[in-house]
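Undergrad: So the protein sequences, as listed, match chains A and B.
Counting along the first sequence from 1, when you hit position 85 you're at 85 in my numbering, and nothing is skipped either side.
Counting along the second sequence from 1, when you hit position 87 you're at 87 in my numbering, and nothing is skipped either side.
Please note that a few of the clues may not be correct.
Claimed, not checked - Within a straight-line C-alpha distance of at most 20 Å, the following computed EDC-like cross-link-like pairs (lysine to aspartate or glutamate) qualify:
1) A:K42 to B:D26
2) A:K37 to A:D84
3) B:K9 to A:E39
4) B:K57 to A:D84
5) A:K42 to B:E102
6) A:K22 to A:D84
7) A:K58 to A:E83
8) A:K58 to A:D27
9) A:K58 to B:D26
Quick caveat, the hints were computed from the structure, so don't treat them as lab data.
What follows is the residue order along each chain.
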Amino acid sequence: GENVEQHPSTLSVQEGDSAVIKCTYSDSASNYFPWYKQELGKGPQLIIDIRSNVGEKKDQRIAVTLNKTAKHFSLHITETQPEDSAVYFCAASTTAGSFGAGTTVTVRA
Amino acid sequence: NAGVTQTPKFRVLKTGQSMTLLCAQDMNHEYMYWYRQDPGMGLRLIHYSVGEGTTAKGEVPDGYNVSRLKKQNFLLGLESAAPSQTSVYFCASSYELGQGYEQYFGPGTRLTVT
Numbered sequence: 001g002e003n004v005e006q007h008p009s010t011l012s013v014q015e016g017d018s019a020v021i022k023c024t025y026s027d028s029a030s031n032y033f034p035w036y037k038q039e040l041g042k043g044p045q046l047i048i049d050i051r052s053n054v055g056e057k058k059d060q061r062i063a064v065t066l067n068k069t070a071k072h073f074s075l076h077i078t079e080t081q082p083e084d085s086a087v088y089f090c091a092a093s094t095t096a097g098s099f100g101a102g103t104t105v106t107v108r109a
Numbered sequence: 001n002a003g004v005t006q007t008p009k010f011r012v013l014k015t016g017q018s019m020t021l022l023c024a025q026d027m028n029h030e031y032m033y034w035y036r037q038d039p040g041m042g043l044r045l046i047h048y049s050v051g052e053g054t055t056a057k058g059e060v061p062d063g064y065n066v067s068r069l070k071k072q073n074f075l076l077g078l079e080s081a082a083p084s085q086t087s088v089y090f091c092a093s094s095y096e097l098g099q100g101y102e103q104y105f106g107p108g109t110r111l112t113v114t
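For reference, chain A alone in the conformation it holds in the complex (with noise of 0.2 Å):
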C-alpha cells in the first residue's frame, strides 16, 4: 500500500516568514495529493490539493509543488498569520487516501 512521509513534524515561524512542509509518498499510481489543515478540536479541512498533470498550484498565500518523478510535494506558505498556526496534514490518494503523521506549524508574534 501506499506510505507517505512527512516532515517537519513540528516547525515554528516567525509571523511574516515563509513555512515549507514536505512530503513523500511510494506508489506511483498515486495521482491525487490532498494538504488539510486542523485547528486544535477540529476535524481536518481541505486546503488545497494538487493532481499528477500540474507542477504547481497557488492560492493567494498557499502554494503546493509536485514532483511526480521524484514522488515528491510541498506545501508553501507565505507570509504567514497567527491564524496560520495549526496541524497540517498531507495526503496521497490510492482508494481511501493515505495520510502523513502530521506537522504542527506555530506562527510566533
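Since the structure of chain A is provided, determine the placement of chain B on it from the hints.
TA: Same frame as chain A, now just chain B:
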C-alpha cells in the same frame, strides 16, 4: 447543511465495555470512512464504505466493527474496549473514493478507555 456530524463528542469507557459511535452526513456522499488519530501517527483508516450496505477494512480494523444500513449513516462499534483504543476518532465522507475527491471530516469523538 450540517456536513458531517459525529456523536458523542466525548466518551469514557472501562476496559471490556462496548459502545457505538455514530456518523451522519447530509451531502448525499456514497463513500464514508472512519479514522483514528493518535499523537505522531497522523490519521489511520479503520474501515470504510463504498455505499449503503457495504463495508471494507482499512489499515487498522482489528477490534472494530462497522455498519452502513443507511446511506447517510456510518456506525463504528467497539465490542470490548481496550486501553489501546484510546484515541480521537474522525468520520469522513466523499463523493468518490480517493483519486481526486476531497474528504469532508466530522469534528471528532475523543474516546478514553480506562
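Undergrad: Below or equal to 20 Å on CA atoms is what counts here, so check K42 of chain A against D26 of chain B.
TA: Cα-Cα ~18 Å, so holds.
Undergrad: Take the C-alpha atoms of K58 of chain A and D26 of chain B, compute the straight-line distance between them, and say whether it is at most 20 Å.
TA: violated (30 Å)
Undergrad: Does the alpha-carbon distance linking K9 of chain B and E39 of chain A stay inside the 20 Å limit?
TA: holds (16 Å)
Undergrad: Hey, K22 of chain A versus D84 of chain A, does the alpha-carbon distance stay inside 20 Å?
TA: Cα-Cα ~17 Å, so holds.
Undergrad: Decide if the proposed pair is consistent with the structure: K58 of chain A and D27 of chain A, CA atoms, cutoff 20 Å inclusive.
TA: violated (24 Å)
Undergrad: Within 20 Å, alpha carbon to alpha carbon, are K57 of chain B and D84 of chain A?
TA: violated (34 Å)
Undergrad: Are the Cα atoms of K37 of chain A and D84 of chain A separated by 20 Å or less?
TA: holds (9 Å)
Undergrad: Is the hinted pair K58 of chain A and E83 of chain A satisfied, with a Cα-Cα distance of at most 20 Å?
TA: holds (19 Å)
Undergrad: Sort out whether E102 of chain B lies within 20 Å of K42 of chain A, counting only the CA atoms.
TA: Distance of about 17 Å is within 20 Å: holds.
When each numbered hint is compared with the structure, violations occur for hints 4, 8 and 9.
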